[in-house]
Amino acid sequence: MGFSASSKDIRKLKQAISKKRPEEEVAEISTWIVKDNLSREEILNRAKEVYGPGYEYLIDDIDECIIEAMALIEEAGIDLKEKRIYKEKLSAIFGLLSDKKSIQKLSLRFLGAEGKDKVDALIQLLKDDDPKVRSEAARVLGWIGDTRAVEPLIQILKDQDEDVRKSAVEALGRIKDPRTVKPIVEMLKDESSEVRAYATYALAGKKDPSTIEPLIFMLKDNSWRVRLGAVYALGNIDDPRTLEPLIFALKDENAYVRKRAVEALGKRKNPNAVEALICALKDEHFIVRIETANALGNIQRPSAVQALISALEDEFENVRIEAIRSLGKIGDPCAVEPLTQLIKKGNSSLRWEAVKALKNIKDPRVVEALVFALGDISDYVSEEASKALVEIKDPRAVELLTSLLLDRWTLSWIRIKAVQTLAKIKDLSAVEPLIRALKDEEPSFRKEVTQALKEITGQDFGEDQEKWQNWWEKRNSV
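Sequential numbering from 1155 applies to the sequence shown in this note's numbering.
In case anyone wonders, no lab produced these hints; they're calculated from the structure. Everything numeric in this text was worked out from a predicted model, so none of it was measured. Among the hints, erroneous ones may be present.
[What the hints assert, rightly or not] With a straight-line cut-off of 25 Å between C-alpha atoms, the simulated DSS-like cross-links for lysine-lysine are:
#1 K1270 with K1241
#2 K1162 with K1281
#3 K1541 with K1580
#4 K1270 with K1173
#5 K1254 with K1270
#6 K1580 with K1628
#7 K1593 with K1498
#8 K1578 with K1621
#9 K1608 with K1578
#10 K1162 with K1202
#11 K1259 with K1281
#12 K1166 with K1235
#13 K1360 with K1270
#14 K1510 with K1421
#15 K1281 with K1270
#16 K1483 with K1498
#17 K1173 with K1162
Produce the complete structure using the sequences and hints provided.
This is the structure:
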């Protein structure tokens, strides 16, 4: 049998809304509660329907709105205690996280704990008959992070409800207190794989070397989520004993576990992991290969260069992109030729990445490759090549660019790009070739040359080649 609000209650609410003039969302939610007796979950679902999927960006805090709506209903003289939103206590529990004292005060009152400390009130709720209440109270205690909650949370680790145990473990993981570590380790033995997984992630935040052995044991758990959490936790502990277990995890049957192990090894930057990571670069799953290419770039060992060059042929473009980036990070000259070939034959994304990688490699061939890329049909690749030529500050760049701008067989827009790049480099050795270029027949080209001369010299003789030449000769004679 559905709920039906009395016309009297609806009239009372309308009068209260007219008098108090609350925010639109508060008025609407109060109407839903009175007319349809909605629970918190039902209010959230209806808010999605009314305001769209991004309602949380329109409503700053849905629970604050619910608490204010409940207060409005109470002020209207309607029996709030008969409403599901009041009985379930959930919005009042979340209301205790509000920065507004008024919301916290109302929340405590709706929880029957008026005047009490919010942590004490939440600890008391850990004994509630409703497991949902116990679970959410535990979670909120974790977010608050008060150490007074440690012992009460440890007590409910034995709760019969799985969600309560998960929330208690999560909360203990958030609270910074040494007493929390051992109880969380014990939860690695829980019958529920979900609870065990929560325990591994809770330990990840502790970064405690005493948990290494229990976590290593969890790498053989039958749940991939538990193994994933164990790898994450081991990766957070800065201890040489974690290296071998993480390398072991590279052979896990689950791709997400292998990927997480690669991430951890890449973050650690231990050169002893390079050989194992080179093998992982051939993993059957592309997400592992992508992460491996990135990790090898973080470690930056020359021994990984050939494997990364081979990865430039990977069937997945994102693997090739990460390999290019890592070759740039390592900066080995062996990568110049394959990266140059990508500039000539790859798609625009690969060409762009190759240009960015090449500028980090100290090798004379790089300048030629970047000048070639200056003529790329893609504007963003050409612009990146120009920026790279400016950044590397190689004198040969000026020489190649000046020869390019004087070559009338070169396309006009490429010559213009060369002039613009010379203007950014600001090398005086480009002045004389630029003055000679003022003889060019194309007006747009001469305009760019004039602008480049102004930026390099600080002088302005327009397109008058004779004046530029006289000034230049006079300057050099002095």
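Status of the hints after comparison with the structure:
| no. | hint | in the structure |
| --- | --- | --- |
| 1 | K1270 with K1241 | holds (19 Å) |
| 2 | K1162 with K1281 | violated (37 Å) |
| 3 | K1541 with K1580 | holds (13 Å) |
| 4 | K1270 with K1173 | violated (31 Å) |
| 5 | K1254 with K1270 | holds (16 Å) |
| 6 | K1580 with K1628 | holds (20 Å) |
| 7 | K1593 with K1498 | violated (32 Å) |
| 8 | K1578 with K1621 | holds (23 Å) |
| 9 | K1608 with K1578 | holds (11 Å) |
| 10 | K1162 with K1202 | violated (29 Å) |
| 11 | K1259 with K1281 | holds (21 Å) |
| 12 | K1166 with K1235 | holds (16 Å) |
| 13 | K1360 with K1270 | violated (31 Å) |
| 14 | K1510 with K1421 | holds (22 Å) |
| 15 | K1281 with K1270 | holds (17 Å) |
| 16 | K1483 with K1498 | holds (21 Å) |
| 17 | K1173 with K1162 | holds (17 Å) |
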